[in-house]
Amino acid sequence: MTNVWFLAALWLGLALIATLLSIWFRVATALSEIIVGTVAQLIIGAVIGAAVLGTNESWIVFLSGTGAIVLTFLAGAELDPVVFKARWKEATVIGLVAFTAPFLGCAAIAYWVLHWTSSASWLTGVALSTTSVAVVYAVMLEFGLNKTDYGKVVLAACFINDLVTVIALGLIFSPFTLRTLIFIVVGIAIFAVLPWLTPRFFKKYGDRPSELEAKYLLLCLFGMGALATWAGSEAVLPAYIIGMVLAGTVGKDHILIRRLRTLTFGLLTPFYFIRAGSFVSIPALVAAPMIFLALFLAKMISKTIGVYPITRAYKYPTGEAKYTTLLMSTGLTFGSISALFGLTHGVISQAQYSYLVAAVIGSAVIPTLIANARYLPRHLIKDHEMTAEDLQTIEPKNNK
Amino acid sequence: MIKKLLVPYNGGEQANSAFNFALDLAKVYRSELHILSVIQLPEPPTEVETEAILESSTNHYEKLFKELNKKAQEEGVKISTKVVNGHAEDQILNESEKGGFDVIVMGHQTRGKLGKWFLGSVTDRVVDHAKCTVIVVKQEHKKS
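These protein sequence lines map, in sequence, to chains A and B. Following numbering that gives the first Met the number 0, the residues of the first sequence are numbered contiguously, the last one being 399. Following numbering that gives the first Met the number 0, the residues of the second sequence are numbered contiguously, the last one being 143.
Hint data in this document are derived by calculation from the structure and do not stem from the laboratory. None of these values were measured; they are calculated from a predicted model. Please note that a few of the clues may not be correct.
[Said to hold, decoys possible] Straight line, CA to CA, 20 Å or less: simulated SDA-like cross-link-like pairs of lysine to any residue: (1) A:Lys214 <-> A:Ile166; (2) B:Lys97 <-> A:Lys214; (3) B:Lys69 <-> B:Lys81; (4) B:Lys81 <-> A:Asn145.
[Unchecked claim] From the structure, some residues in chain A lie toward chain B, with a derived Cβ separation under 10 Å: (5) Leu15; (6) Leu19; (7) Ala27; (8) Ala74; (9) Val134; (10) Val135; (11) Thr147; (12) Thr197; (13) Thr228; (14) Gly231; (15) Arg257.
By construction, the Cβ of each residue, glycine as well, lies at the ideal position given by its N, Cα and C atoms.
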């Protein structure tokens, strides 16, 4: 037992360091946790031994997995169902294109240029096809575009993009058997019932110190996660969909969401992201930096090919269209979840995982920096009022 | 005549000094006093954390605004408050132009030493690019 508490103290110590770094450098906590995990494994591995971190201890694997599931659920619960219902057609088109272009482009580069196996190449496509809803949301909010038709469609498209990513992750790597069929049928039934049942159940028994709501949600997430893994799929797939179907009810209960966030950020996700970082091999990255560069460029170019023409189709000015394209090229959370899935399921090697995570981090940081440096200052400030108001009336060309 | 004053406010000591200074000015010139707080998200913004930061920061500023309101009422000055998100200098400049402010009153340093080294000072950028007068309150300014 001493070993468990020692390990817990070590991991929480690393989580605390990561949080302090994120505050000092104003970077996302997830990013600093991945980097701290990588550096800790490198230093502790060299000085004492790689086993000290205990990354494969069952309770660390459990906390880490729960972190990914609850984080994915909360991400899905951030969807605005009203906006989505109003503009789902355009959002679905943009979201599908924003997924498909990098998915095929990156998989092709991995298969034909890097000569990776077909399953490793498909996983590369999935991991690099993601879009960060958060990055796009933050910028839309900054310029008041979240209230415009354009902003709403792009935001909803980001959710579709990530939904297709988790569906691809959950279904591509599992053989389609009777179990898959059972998972899909039971899943659809549960997803249909939950939005009706949950608010009624919470109204009758919830809002007590016994935290019934958290237990109920965790039961749904673990139950569907168990069914998904039994069918050879991935637990984050039902978690994201449960989040989306409960976005209109649970997602609006700010107090409950706040309590879940405390649990997630305070205990669960540090284990997930530090563990994800600890598997990154710096020697592999140093040995072949061109592979990272190839994957990073594959994502950026294929996203641009997919997203840029659509933003122009919305008659959005060239500068802002480029800006949106760059922002839709980001994606840290789902990219790292996909890469870790590949590593833990033996789809990719540790070296391939390292290149993928580096490309995912690069795609999260570099487009934001370029977008900020190249497109943010002055001209957007100057045009802000006109752009936001004008966009209220802008419709896509194909919508007429 | 100073009709409209804008005070970028981050809750720090220097921002409080700037607020006190602006309060004195508003009293003398009977100006409108507007407080602007900017939530700066970490880079890159990530799922769930972004919403959490926006929510907690807004709550934090709203609590601080209550204190500022109390102070302003004691001085007989009416203030308005606003929270936005984004890059501090861009949002301050944007607000000053959009709102037609005559003067921006701000503290001397609104970014950490490391941030200042990487990105420069928010105040420097506002002074450089603002179209209106900028008053930089360099030391502690107590109510007169």
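So, going through the hints one by one against the coordinates:
1. A:Lys214 <-> A:Ile166: Measuring from Cα to Cα gives roughly 25 Å; hence the hint is violated.
2. B:Lys97 <-> A:Lys214: Since the Cα atoms of Lys97 (chain B) and Lys214 (chain A) sit roughly 48 Å apart, the hinted pair is violated (cutoff 20 Å).
3. B:Lys69 <-> B:Lys81: OK: Lys69 (chain B) and Lys81 (chain B) at ~16 Å, within 20 Å.
4. B:Lys81 <-> A:Asn145: Satisfied, since the Cα-Cα distance of roughly 18 Å is no more than 20 Å.
5. Leu15: Nearest chain B Cβ about 16 Å off; hint violated.
6. Leu19: 12 Å, violated
7. Ala27: 4 Å, holds
8. Ala74: Holds. Min distance 4 Å.
9. Val134: Because about 5 Å separates Val134 (chain A) from the closest Cβ in chain B, which is inside the 10 Å limit, the hint holds.
10. Val135: This interface hint holds because 9 Å falls under the 10 Å limit.
11. Thr147: 16 Å, violated
12. Thr197: Since the shortest Cβ distance to chain B is 19 Å, the answer is violated.
13. Thr228: Because about 22 Å separates Thr228 (chain A) from the closest Cβ in chain B, which is outside the 10 Å limit, the hint is violated.
14. Gly231: 26 Å, violated
15. Arg257: 7 Å, holds
Of the numbered hints listed earlier, those contradicted by the structure are 1, 2, 5, 6, 11, 12, 13 and 14.
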